[in-house]
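Chains as they are written, first to last, in the numbering used here: chain A, 23 to 124; chain B, 227 to 822.
Since the hints were made in silico from the structure, they are not lab data. Watch out, some of these pointers could steer you wrong.
In silico EDC-like pairs for lysine to aspartate or glutamate, Cα to Cα no more than 16 angstroms straight-line [said to hold, decoys possible]:
hint	chain 1	residue 1	chain 2	residue 2
1	B	Lys715	A	Asp47
2	B	Lys342	B	Asp247
3	B	Lys714	A	Glu50
4	B	Lys550	B	Asp514
5	B	Lys306	B	Asp337
6	B	Lys392	B	Glu453
7	A	Lys28	B	Asp535
8	B	Lys306	B	Glu277
9	B	Lys342	B	Asp324
10	B	Lys715	B	Asp697
11	A	Lys28	B	Asp541
12	B	Lys330	B	Glu300
13	B	Lys342	B	Glu277
14	A	Lys28	B	Glu471
15	A	Lys28	B	Glu536
16	B	Lys715	A	Asp95
17	B	Lys370	B	Glu311
18	A	Lys28	B	Glu470
19	B	Lys594	B	Asp406
20	B	Lys306	B	Glu333
21	B	Lys570	B	Asp558
22	B	Lys715	A	Glu50
23	B	Lys475	B	Glu536
24	B	Lys352	B	Glu333
25	B	Lys714	B	Asp697
26	B	Lys570	B	Asp541
27	B	Lys594	B	Glu536
28	B	Lys714	A	Glu113
29	B	Lys352	B	Glu285
Here is what each chain is made of, one letter per residue.
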Amino acid sequence: MAVTTKVNESANEVVVHISGRFDFDSHEEFGEVLEIARGMPGAQYTIDMGEVVDIDSSALGMLLLLRDATGGDSSRARISRCSAEVRQELELANFQKLFQFS
Amino acid sequence: MDAQVKLKEASRSLRVLVVEDDAPSARALCDILTHFGHEFTLARDGVEAVELFASWAPELVLMDIMMPRMDGYEATRRIKAACGERFVPVIFVTALNDNTSLCKAIEAGGDDYLTKPYQLEEIGAKLAAMQRIMALHEELLRHKLQAERHQIQQQKELHVAEHLFKTILERGEDRLAGVDHWVSSAAVFCGDIILVSETPQGSIQMLVGDFAGHGITAAIGAMPAAETFYGMSAKGFALERILEELNQKLYRVLPADIFCAAVALEIDPERKALRIWNGAMPMVYVLDHDTDEMTGLPSRHLALGVLPDERFSTDTEVVPLTGKESIYVFSDGMVRAESLDGEKLGAERLERFLVEYAGGAVGIDALKALVEGHIGDNQQLDDISILTVDTSRLERRGREGQTESAELAEPTNWRFSIELEADSLRRVNPVPLVMNLIQEVQGLAPFRQHIFSILSELFANALDHGLLELDSAIKADGEGFMRFYELKKARLAALREGRLGLTLSHRAEDGAGVLEVRVEDSGAGFDVNGLLPRLEDNDGYSGRGLSLVRARCETLEFNERGNVVTARYRWQPGRKHGEEAAGAEAAGEPGAPETI
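I would like the entire structure built from these sequences, with the hints used as guidance.
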């Protein structure tokens, strides 16, 4: 599991790339992402989950925290490139109503 | 400095062999040598001279010409032959003063001559001069040996470097079906690299790179590049991340005038799309064999190692694949290969060759023949590399690199259980281990996420609520959510007592597989009803875990105390994730939420 964050301040864009297993063990790394998000709430967030292999419910919670940190209902956080399996898991939790998928 | 030392030594004592059959002459010479402080030994004829030369090892020889048994000419020839690389001056001493015999003396290997009667000063001066020449010769010899040693060392180093270079670059060499490549180097070290790797997710990642220049200067960047590529690819990093890292590494490591033009490609596990990044390389071609249309993908970026991080772009282009394409990547050396009369192969000729090639997909051999035929007797000026992908021959992969056949393994009967005590729970998360085990035994690739979800949630519940006695209510707000995990970490680190058992049994049932997961913890148990809110009503950060499990499983049962949970999950070989879930929801088949 690895989380890398790319901040492009001039374009007001943040890309969070997550790979491998996205679960409880990710919470520390993800905490750093939340710190960044609180500092740049209006930015365009893309959560690139193309390399996520497994996802559990604590990861869902973390995604929601990110959404809240970036403005809640007005958040422009977007989830990109997730596999069919991960996408299904997110949809089972109704995340399609909360995030834009690309 | 060395030369000065040698010249000072010029006045030191010499070991001189005096070859003279006439006793008074010999005595005269020996007196003079004694006067100058030199050591000497006397030989009475040529034969003795040759013997003493070998046994006494003189540094200089004074040689008479006319002697019994063997004359001075022959003795000199033999002595000089025995000298090898050493310089042992032979000075002829003679009463003869005719040019013929002096010429003969020099021809035989003599270095100088003295004529009788002997003059003390003359002999002293000649010996001193000879000593200077000897010192110079010695110096020269030392340099020569040093140069030879250097050369041997250098060759050895080159050999080691070449071996290292090849080992690193050829690591990805277990060839993938459908991917072929060829690199022809213009020097020992090649500045072109082709790296091919399959990621844990089953994607194929490829990099064709051309370092500026060729030979060892160009090859210097190849090693860090290959290390980075293979290392990151094996860990499942996305192509963009690998490109970023490569660029950063090369930007930092390489001098400004060395950079790497590159094409990076990735084909997804399903083999449905090609993603490509072209930085300063010639056009990449995708030829669709259905329509005979060829798409050119030109360079859209600067080479790797040119731009600093913040200005480097990893934007890729995506080409959908149908499984009937050929992909061609060439390095500059191919397009610009020159024939003997200076004509370049050129992009146009290359494109025509690809499109008009009668045998369908152009193989690597045909391309090799094309460029080699074009170069002909001309010298190859630059490294040439070719990568071809025949998408019809690519094997599709599932998750974790499992092949299709493994995904469709028939359900079998098996059972295993593990029990972890507090000390191991502190250190190990058993879920990934168990996942790998299931993968090996049953190959459940298409259902992987479902099973992960079930195991992961049940394990987390048993640990969090059963053993660590954490209260989910903490997770009600955002801060609490993160605090919950901090608390979990702290309590886990302090856990001294408790056990947690995982039992998985799998049965084949009418062609379907039924997996039963039983998790038991030694804790006091907890109230399960509070943990099962409906998914659709849930807008909090937590509380989804068990609901997700319930949605996936045929049954989900807790014992009364709440410390044992059993979940039954059913799967059908040949049905994928999506189909299974959709079917379950529509038809109320096992797996739908209302069955519990």
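Q) Checking against the hints above, which ones are violated? A) Of the numbered hints, 13, 16, 24, 26, 27, 28 do not hold.
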